[in-house]
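Peer 1: The hints should help you fit chain B onto chain A, whose structure is shown.
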Amino acid sequence: AQKVTQAQTEISVVEKEDVTLDCVYETRDTTYYLFWYKQPPSGELVFLIRRNSFDEQNEISGRYSWNFQKSTSSFNFTITASQVVDSAVYFCALSETVYNDMRFGAGTRLTVKP
Amino acid sequence: EAGVTQFPSHSVIEKGQTVTLRCDPISGHDNLYWYRRVMGKEIKFLLHFVKESKQDESGMPNNRFLAERTGGTYSTLKVQPAELEDSGVYFCASSQDTGIRELPKNEQFFGPGTRLTVL
Numbered sequence: 001a002q003k004v005t006q007a008q009t010e011i012s013v014v015e016k017e018d019v020t021l022d023c024v025y026e027t028r029d030t031t032y033y034l035f036w037y038k039q040p041p042s043g044e045l046v047f048l049i050r051r052n053s054f055d056e057q058n059e060i061s062g063r064y065s066w067n068f069q070k071s072t073s074s075f076n077f078t079i080t081a082s083q084v085v086d087s088a089v090y091f092c093a094l095s096e097t098v099y100n101d102m103r104f105g106a107g108t109r110l111t112v113k114p
Numbered sequence: 001e002a003g004v005t006q007f008p009s010h011s012v013i014e015k016g017q018t019v020t021l022r023c024d025p026i027s028g029h030d031n032l033y034w035y036r037r038v039m040g041k042e043i044k045f046l047l048h049f050v051k052e053s054k055q056d057e058s059g060m061p062n063n064r065f066l067a068e069r070t071g072g073t074y075s076t077l078k079v080q081p082a083e084l085e086d087s088g089v090y091f092c093a094s095s096q097d098t099g100i101r102e103l104p105k106n107e108q109f110f111g112p113g114t115r116l117t118v119l
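Chains as they are written, first to last, in our numbering: chain A, 1 to 114; chain B, 1 to 119.
Just chain A, with the same shape it has in the complex (with noise of 0.2 angstroms):
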């Protein structure tokens, strides 16, 4: 079975100190796709990132950085020098071949305080 965990329920930081957001998932399937999405106080969910289960190269995108590790099954979010406008709750997400259906974790709710 398909499942997300995401440890951490809330993260409390100080403006520009660096944050990691925890993700571990579990599949069967050897294919598979990782995700993360930010939901803003505004409610949408945006995109941040997607993985393929092939590819475990670290992506760096400004502030933003992801580790994909095959070996402990996680997907890792850093944020770098955090701003208040990263407060949000951050979903990890899993989506494989066979299920089209995106199995989510149940979030981390970051605050950064200046």
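I should point out that these hints are in silico values taken from the structure, not numbers from a laboratory. Because the structure is a prediction, the values reported are computed rather than measured. A virtual CB, placed ideally from N, CA and C, is assigned to each residue, including glycine. Some hints here could point you the wrong way.
Residues of chain B clear of chain A, computed beta-carbon distances all greater than 12 angstroms [claimed, not checked]:
#	residue
1	Val12
2	Thr18
3	Val19
4	Glu52
5	Thr70
6	Gln80
No farther apart than 25 angstroms at their CA atoms in a straight line, the calculated lysine to any residue pairs in the SDA-like style are these [unchecked claim]:
#	chain 1	residue 1	chain 2	residue 2
7	B	Lys41	A	Gly62
8	A	Lys38	A	Gly62
9	B	Lys44	A	Tyr33
10	B	Lys41	A	Trp66
11	B	Lys44	A	Thr5
12	A	Lys70	A	Thr111
13	A	Lys3	B	Lys15
14	B	Lys15	B	Lys41
15	B	Lys54	A	Gln2
16	B	Lys44	A	Thr31
17	A	Lys3	B	Lys41
18	A	Lys16	A	Ser42
19	A	Lys38	B	Glu107
20	B	Lys41	A	Ala106
21	A	Lys70	A	Phe47
22	A	Lys38	B	Asp97
23	A	Lys70	A	Thr27
24	A	Lys38	A	Asn67
Peer 2: Relative to the frame of chain A, chain B by itself:
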């Protein structure tokens, strides 16, 4: 290009009443998905349409929920009668078809959600 839109943005109803949520996918997207987030828990899949056909409705919680997508364009999700535990945010998403069976569908674009409160 317009994104996925959902209507209404908020709905407050009493237990036992009926509510209908609407989702307009991105034009040209054959795949339409409904998800919901209840009581601050994880976002859970409800069902998936390919055009007007229900591809997977394994996530629908019970028969009080009815989803339709007549004509393969917009979709409605009706809750009748609504119960307290139905309160939450209902998200709709759409994606293009990759046309390749072995690959997951393309990236899903999410709408802003409808916040449903059942009193």
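Peer 1: For every hint, state whether the structure bears it out.
Peer 2: Taking the hints in turn, this is what the structure says about them:
1. Val12: holds, 16 angstroms
2. Thr18: holds, 23 angstroms
3. Val19: holds, 18 angstroms
4. Glu52: For Glu52/B, whose nearest Cβ neighbour in chain A is about 16 angstroms away, the distance exceeds 12 angstroms, so it holds.
5. Thr70: Its Cβ never comes within 12 angstroms of chain A, the nearest being 21 angstroms, so this holds.
6. Gln80: Answer for Gln80/B: holds, closest chain A Cβ roughly 23 angstroms.
7. Lys41/B with Gly62/A: violated, 30 angstroms
8. Lys38/A with Gly62/A: holds, 16 angstroms
9. Lys44/B with Tyr33/A: Given pair Lys44/B, Tyr33/A holds - Cα atoms ~17 angstroms apart, limit 25 angstroms.
10. Lys41/B with Trp66/A: At roughly 24 angstroms apart (the allowed maximum being 25 angstroms), Trp66/A and Lys41/B satisfy the hint.
11. Lys44/B with Thr5/A: holds, 13 angstroms
12. Lys70/A with Thr111/A: With a Cα-Cα distance of about 29 angstroms, the restraint between Lys70/A and Thr111/A is violated, given a limit of 25 angstroms.
13. Lys3/A with Lys15/B: violated, 32 angstroms
14. Lys15/B with Lys41/B: holds, 21 angstroms
15. Lys54/B with Gln2/A: holds, 21 angstroms
16. Lys44/B with Thr31/A: Given pair Lys44/B, Thr31/A holds - Cα atoms ~21 angstroms apart, limit 25 angstroms.
17. Lys3/A with Lys41/B: holds, 14 angstroms
18. Lys16/A with Ser42/A: holds, 23 angstroms
19. Lys38/A with Glu107/B: holds, 15 angstroms
20. Lys41/B with Ala106/A: holds, 5 angstroms
21. Lys70/A with Phe47/A: holds, 22 angstroms
22. Lys38/A with Asp97/B: holds, 24 angstroms
23. Lys70/A with Thr27/A: holds, 11 angstroms
24. Lys38/A with Asn67/A: holds, 17 angstroms
Comparing the model with each earlier hint shows violations of hints 7, 12, 13; every other hint is respected.
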